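Enquirer: Make a model of the complete structure from these sequences and hints.
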Amino acid sequence: MELNTIERDDIESAAESAVVPSAASRKVFVKTYGCQMNVYDSQRMTDALAADGYVATDAIGEADLVLLNTCHIREKAAEKVYSELGRIREMKAERAQAGREMLIGVAGCVAQAEGAEIIRRSPAVDLVIGPQTYHRLPDVLARVRGGEKIVETDYAIEDKFEHLPQPKRAEIIRRGVTAFLTVQEGCDKFCTFCVVPYTRGSEVSRPVAQIVAEAKRLAQAGVREVTLLGQNVNAWHGEGENGEEWGLGRLLFRLAEIPGLARLRYTTSHPRDMDDELIAAHRDLPTLMPYLHLPVQSGSDRILKAMNRRHTAKDYLTLLDRIRAARSDIALSGDFIVGFPGETDADFEATMDLVRQVNYASAFSFKYSPRPGTPGAEMADHVPEAVKDARLQRLQALLLKQQQDFGASLVGSTIDTLIEKPGRQAGQKVGRSPWLQPVIVDEKSGEIGEIIQVRITKTGYNSLFAELA
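Be aware that the sequence shown starts at 200, since it is given in the working numbering, and climbs by one per residue.
Simulated from the structure, these hints should not be mistaken for laboratory data.
Because the structure is a prediction, the values reported are computed rather than measured.
By construction, the Cβ of each residue, glycine as well, lies at the ideal position given by its N, Cα and C atoms.
No farther apart than 25 Å at their CA atoms in a straight line, the calculated lysine to aspartate or glutamate pairs in the DMTMM-like style are these:
{"no.": "1", "residue 1": "Lys348", "residue 2": "Asp263"}
{"no.": "2", "residue 1": "Lys566", "residue 2": "Asp588"}
{"no.": "3", "residue 1": "Lys279", "residue 2": "Glu577"}
{"no.": "4", "residue 1": "Lys359", "residue 2": "Glu438"}
DEER-style ranges, computed between Cβ atoms:
{"no.": "5", "residue 1": "Glu300", "residue 2": "Arg482", "range": "52 to 60 Å"}
{"no.": "6", "residue 1": "Glu440", "residue 2": "Arg288", "range": "46 to 54 Å"}
{"no.": "7", "residue 1": "Gly421", "residue 2": "Glu347", "range": "35 to 43 Å"}
{"no.": "8", "residue 1": "Glu361", "residue 2": "Gln296", "range": "40 to 48 Å"}
{"no.": "9", "residue 1": "Glu438", "residue 2": "Arg299", "range": "41 to 49 Å"}
{"no.": "10", "residue 1": "Arg482", "residue 2": "Phe563", "range": "21 to 29 Å"}
{"no.": "11", "residue 1": "Asp474", "residue 2": "Arg286", "range": "40 to 48 Å"}
Expert: Shown next, in the form of structure tokens:
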């Protein structure tokens, strides 16, 4: 998922048509790799830089500062960063010849994991800043402009959210009627395939008052749907009123009271943290959308144990039965890894069987990618790439069929749709279904921010087409 990005082929043309910015208005271009939390972080970096006089731009050729907010989950994502840095380095050199400065920064999880190695491999980089310290960006940039190269990846003692400036109302409105809100960061689960505990640190939960205040600001600016984010969002346990500890279910009940906030979601969850109060929220809160992303990774108990997931396939399926009993219209999404070290044909078939039992509305699936420093990278019996490819192809074909069947099951039904933005085609608007599918409607069907009732007429590849009910 990318924010404020342009395609690779557009970078050179953007450089050629660059507009020279005035000294009074420095511009920042942010390219975001990876998860929704990185999208949120990029927005908050932009907020921090706005207080330092930077204006966001979608054209890299205009930028005085280029920030790559990076992902380290898979090797391919990390290598993309170095490839991009090579292209930006050339632009920086051209700018220098013209007497104009372009600073380059690397933020996010690659920054946290590789630190000074980034500057060693790409000397054109001016600053490296981790996901826990980006609130210090204005101070770091002042030091960079003084001639230093900065690597700022130590975990901050201070609460970064307390030190981040709030976005202006106009900026919230510009971002649209849906918004992300990070409530929890870090992970204590230590799955053997995952770098998150090393790049994001231990689990930290924001306090209730801070979250509610941010959600109110969003709602007052016209945001209708908020998605709560965390590496393990349902592990959130924040300080509530009178110093009590709240769980995510109680937080959702509180957020549902905010005027104007019509829809709530949360992601990403761990099966071990789905408690009774959270399941009750799915049962009792119409504001909480009937869609749950609950990764399982494998259907094989042997592989789940090797992954240190600390639950079995049966545990997962039993949990889903409880959730579906609480909310009959809930649709499920998941994550899967194929080709984890030691995965046999039988292990993979167990995953396929689990997928058939669950019948997902959507899911994400990947080949296992060894990450340096994780236990999985040191395990024996790595699966050949050709076998991984074949398994992934089979799994994705099954998941795609389930996704298409779910969409087809909605044809003829009437659903609520949040009108989100203009469509790609003239005369269209795009809404969002309760189950996260794009819904294409006539532009006269409703205004952006309205929730309207529509009748589904047909399906697209991953979207729905509808008319007013």
